[in-house]
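Taking the working numbering as reference, the numbering of the sequence shown is continuous, increasing by one, and the terminal residue is 343.
These are computed hints drawn from the structure, not numbers from a lab.
Note that the structure is predicted; figures quoted are calculated from it, not measured.
Treat the hints with care, as some may be off.
Stated by the list, open to error - Quick list of in silico lysine-lysine cross-link-like pairs, DSS-like style, CA-CA up to 25 angstroms:
#1 Lys224 - Lys59
#2 Lys112 - Lys140
#3 Lys62 - Lys224
#4 Lys60 - Lys89
#5 Lys59 - Lys279
#6 Lys190 - Lys224
#7 Lys231 - Lys62
#8 Lys214 - Lys224
#9 Lys59 - Lys140
#10 Lys60 - Lys214
#11 Lys140 - Lys190
#12 Lys190 - Lys214
#13 Lys231 - Lys89
#14 Lys281 - Lys140
#15 Lys281 - Lys190
#16 Lys190 - Lys59
#17 Lys59 - Lys89
#18 Lys281 - Lys59
#19 Lys190 - Lys283
#20 Lys224 - Lys60
#21 Lys283 - Lys62
#22 Lys224 - Lys89
#23 Lys140 - Lys60
#24 Lys62 - Lys214
#25 Lys231 - Lys60
#26 Lys140 - Lys62
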Amino acid sequence: MNKNFFRVRPLIQAIKGDFKRQLLRIGLFVFCVLLLVAIECWDHFAPLPAHDWMATNLKKIKVNQQNEISFAVFGDNKNSFTTFEELLKHIDQDHDIAFALDLGDLVYDGEKEKYRYFFNQLRRNLHLPILTAIGNHELKENGRGLYYDIFGPFYYSFQIGNNYFIVLDDANEIGLDFWQSRWLEEELIKSQHFSTRFIFMHVPLFDPRGGMYKHCLPEREAHKLAVLFQKYRVTHIFASHIHGYFNGQWQGVPYTITGGAGAELYGIDPSHFFYHYLKVKVKDGTAQIQVQRLPSPDYEWLDRLGFIAWLYIYAFIRIHGIEMALFLIAAGLLMLTLRSRKT
């Protein structure tokens, strides 16, 4: 009997050890799942990263001379990390610039967590007032309401010295509704007593690439706005949406498309597809546009595709790294537990 006991004892100890390991795995699995649930709850119920941002930042804009002002314009950062943060640092170090205006696609989609990441980038790298226009990516995940809660009105105007600024909402990519169209014409009428009139919008009136490219407003809406801007002598139109740089005239009104703040570039032509921002210097009713280039990927398709893949993967890890690590740990523990049960 004693001999049989000593034969069975190692088996009992092995079963006990395996049972303890199983309990530990299950406990760690439950812990990871609870942490994931807690993170999701935090994301849903946590305070907004900002509130009434536009009104707060408009009050912060200070200029020394009312007839002379410099500001930065850029668009389509879309949760970029290295390029966008480098752009913000460049602007922050330029003491001529009074404020910056982001033309939209600030985030990849309308999740609250994406906005937290965006505001963390601003707080670390830029100490100037920054205003925004809403882009089509802010509309994803039912993000329009969240954008309003954080930033304020979707379209607005402001004046600095003898300069009139009008920011539009064409993020739906089809144009302005009746109320915004009426408001726009009223603002343009008011602006006639000012030396300059600037328009800011996410989606451009026309796609300068032409042909099959239609990354712009519908033709009828675009022509209507172009005629309106010409009628009221708009000084310059700024838009983004197309990830690159283009300039020219629409109905005799100068425009610049600046979509190079960090999102994937749309082509390999080095004269148009590079990372950049604009420095706009206004003096005595004249606007001078300076293109400030930033380091860009090589102009080969394979290099660009590799860069785009790395851009999105790394951005996802930066924003969702903790959740992804917990999910992988939980999945691994579950697989180990199921495999040990089979054996």
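Going through the numbered hints above, which ones does this structure break? Give me the numbers in ascending order.
Going through the list in order, the structure violates hints 1, 3, 7, 9, 10, 11, 12, 13, 14, 20, 22, 23, 24, 25 and 26 and respects the others.
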